[in-house]
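Undergrad: This is what each chain is made of:
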Amino acid sequence: MPQMLALFSDDQEAANATEALEQAGYGNDNFDILTDAPYPEGAFGERETKHKLYVFPFIGALLGLSVALLLTTATQIAYPLVTGGKPILSLPPMLIISYEGTMLGAIIFTVIGIFFESRVPNLRAGLYDPRITEGYVGITVDVAEDRLNAVEQLFRRAGAEDVLKEGS
Amino acid sequence: MQERVTRTHEEINSELLSFNLKAPMWYWGLVGFMGTLALGAAISFGIMLNRGMGVTGMNRPVMWGLFLTDFIFWIGISHAGVMLSAILRLSKAEWRRPATRAAEVLTVFSLMVAALHPVVHAGRPWRVIYWVFPYDFARGLWVNVRSPLVWDPAAIFTYLTGSTLFVIVALIPDIAVLRDRTRGVRHKIYRALALGWRGTPRQWKLQIVAGFLLSALLLPVFVSVHSIVSWDFAVNIGVEGWHATIFAPYFVIGAVHSGVSAVVTMMIVLRGMFKWDKYIRPEHLDSLGRLLIVIATAWLFFFFIEFTFALFSLESQEIALRDLQVFTWPFWPLFLAFIVLGYIFPVSMWLSRRVRRSIKWMLITSLAVNVGMWLERFLIIIPGLARKQPLTFDWGTYHPSIFEITIVVGAFGFVFFLLLMFAKVFPLIPLFDIKEGQTLADNIQVGRRSVPALRIEE
Amino acid sequence: MERRNGHPPEFTVAEYVKDLANRHAITGPRYRRWLWITGLLFLSGVVGFVARAAIDGFDERQPWGYFAATMAFLLTTFVSAPVVAVAFRMAGAHWRRPMVRIAELYSVVGVLVVVMFIPMLFMVPSAHNRRTMWFQGDTLGSMGKIFGAPHVYDILALVAVVIAGLAMLWFSAKADRTQIRSRAGESVGTWLGSWKQWNVLWKGLVMLGGLYFMMLIMTQALISIDFSMALVPGWRDAIFPAQQALASLHGGLAITILTLYLLRRYGHMEQYIHMEHFWAASKILLALSLLWFYFWWSGFIVFWYGRTPLEQNLLDLLMFKTYKWYFYLAFGLSFLAPLLTLLWNSVRRSTFGPTLASVFILTGLLFDKMRVYVAAFSIPNADITDHALAVLPATNIPDVFDLMMVVGGISGAVFLFLLAARVVPIMSIWEMSQGIKLRTVRRFLRIDMIVMGRSE
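Residue numbers (the numbering used here), protein chains in the order written: chain A, 1 to 168; chain B, 1 to 458; chain C, 1 to 456.
Hints were generated in silico from the structure; no laboratory data involved. A hint or two may mislead.
[Claimed, not checked] No farther apart than 20 Å at their CA atoms in a straight line, the calculated lysine-lysine pairs in the PhoX-like style are these:
id, chain 1, residue 1, chain 2, residue 2
1, B, LYS424, B, LYS22
2, B, LYS92, C, LYS283
3, C, LYS283, A, LYS86
4, B, LYS275, B, LYS360
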């Protein structure tokens, strides 16, 4: 289905437009909001974003801990030299390095999770206009060919300054 | 009272990106100057490599000198980023907004420079890899996990990676703005770096969650880094004044003290350089000043405990060391300067609201703190080592050579050089953070007074 | 039209004040029952104390280890609770409002702690010619004798903290007590609620709070060093006073959260005490639990790495041999259990989760105090001037009198709190009223949002 992008200079008009879209039968899955700053969740009527970001740091932490424990244990067993009277496998130093490994794993996997859940890099981005980063609120909607004009009228009535269509 | 300045998003973009899009001539002069200092350091390092460590002032028993002092100093500065960005983000302090990115970037660059110092100090830096990197390069020799000198690289690497990724993730929305405002090659580069960012609610939600999550993950790392650096000294029983259990939190709070002061300095400089007086306002400096009073007083508490407990055991060597640090030439003027510049002068000034809101005085006091804190690190390392051995013929003094001084000065130049390069390419104040702050700002009428308020999700 | 404050059921300042005043005028059966229970347990504690004094006297410290631990526990938890009011008032945190008066009310327990501290003064010798914070050992012989060290200064510091806490309570409650009295038709005294009076009250509370906080940290440091560390030969742990100071923040917050939960549940104050208050406090509680571990680890790693015979003996005494079970319980309950509880967002976002963590923390603190004070008190008088700890004393297992004193001490603290809550309203009327005025709910685009005003 072709996409349409409406640009609003006023965020209240954009919010009214999303309400009008819902009344016209377009659910939250069909339209998306583009802004240059975060708005409170649901401000434009969008559904709560579900994500599994919190899983990533746990996986990363487990991996990091395993690698660090393996590293500290294996290196000390491979070269068993007593230093400072401490046991070959000394738990406190191993804990310190394991802790750093755990945190490193958690952080790296968190960032991987962020990119994954944000769907970036996004090679097929869809309709976009640089005015969005100048403060305009953009509403993209997937519209059937035969309803393009009706939706355009809906946006204009709601106060859209510009309406772009895919291919235009 | 909070002074609110409402700008349109276009104005915010223009004002905060003007430097990225077109830098004035003095900028290149400043970059050249800082680059020259860094180059001077590189040349000194080259001479040191060629002629050996004898060109430095380090000799028995003072084998750790300016390089290690500077190492700890820069690790300390690196704590600013997480302190301001992470803690203030988690506590939802609105006044953090102009300071976070500058603090995070300062963290990354100061960490990089700090990590270079032990490598420079080692004399034969290619050998550093043998005892740090966990690989059997030759003869079945592996790293000694039990040494804090091995814990150090683990911690610094984790913190550096985490801080860098934190900066990168938070930069993406602002890179998108630069993508939309540039043409030609720059546009292509920014477009690639923006990774297709569009600003959907999903992307913003994850940006905010990422901010919280990474802040929560980086906070324990930030505490561990300087604690581990402190254990380079504290686990050692051979040097008087070092084997104290208080070193870890003492170093961390000292790092926060110097780091936050460095951010104050940086914000004032940025405000002046880029004409950001609408974004970096006296109220931000006021809040930072109040935070600094608490941090500085906590630092003083730890310093007092460290000093008192050094004397607690009534061991004659420990008392002699403290006597050397506090009452004996050439250390007593340094000690006096450290105490006055590190606490007495700045904190007594910060108690005044007028001073906290004065650009000039906040610049002076924040610089004073960092001079004082640099001296603190010097006084921890050098006097203890000077009296390290029990036999007096082994006692020594330390006079830093021109090569060490050049490298230390060059380190400062290198950090500023990197900051200036970053400022040219990316905005140092997060655009979306400022815009979000405006979106969430509101007012409540109480009687005849309109009280500034904040919108919070239910 | 704006909704009032976003918490169903909605209420105005007038409705809140009327409700609080009415509640304050009534004494329920549950309150009376608990007053009796805690009062009787407190009396049993007094009996235990008298029995201990009659049997063992005050010449040797060893039989008084658990008594000292109880005193330290009360100082670290109940007497430290006002720090919650001080810190979050200074930070301008709105979620502090239902809990500040609870925190301030606990300052009355300071009176009990001062009374308990008096016999302890007879158990510890003067600082002369031994290693203490007062530096009157032979190496510094030219310093001379400091009169009364450590006893005079420790008791002065403790009394100062208690007075500061009580002063904060008195000033904070002044406006509320006037409200209560005026509703009862009594004379209102000098409080009129003028702008100037409010200004002075606020600034006074901030200054008193700062003084209280600094005095508390100093007193915790002094008492913990003089009555534990200085009694163990060779024990030099610079982080110990900082650990004790942190424990007082930890314990103070934990007891406040626990009381807040009990007030909500059994005092039927659900409309004023919400999940958000527990959620906000739980983040601080989690941070303090992590800091507890950090301070402990900082001390441990240095001793472990140093590996001198003295350090190994100290670790064995305090952590791995003589008092190892106390240590494991303290470690598990002060750090592990709260961490595993508060790690989950869903647990933090509840009223029970942070309360459970608080119970863990309070129990862990009690075991920690026992570990430190019982161990320190078990060193014989003749050995405390030795250079290093050479012989580990035997583990001191509590007997029935020790248990009576521990239970009696804690019950006495609760008893005093309950009595004080009859005199001063248990929830701050003026701070809650301020919060109600600064909060509203407004429409923003397509959602309702809470709008919170800044109080200064």
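Undergrad: All hints are to be evaluated individually against the structure, with a verdict given for each.
TA: Structure-based check of each hint:
{"no.": "1", "hint": "B:LYS424 with B:LYS22", "result": "holds (8 Å)"}
{"no.": "2", "hint": "B:LYS92 with C:LYS283", "result": "holds (13 Å)"}
{"no.": "3", "hint": "C:LYS283 with A:LYS86", "result": "violated (38 Å)"}
{"no.": "4", "hint": "B:LYS275 with B:LYS360", "result": "holds (15 Å)"}
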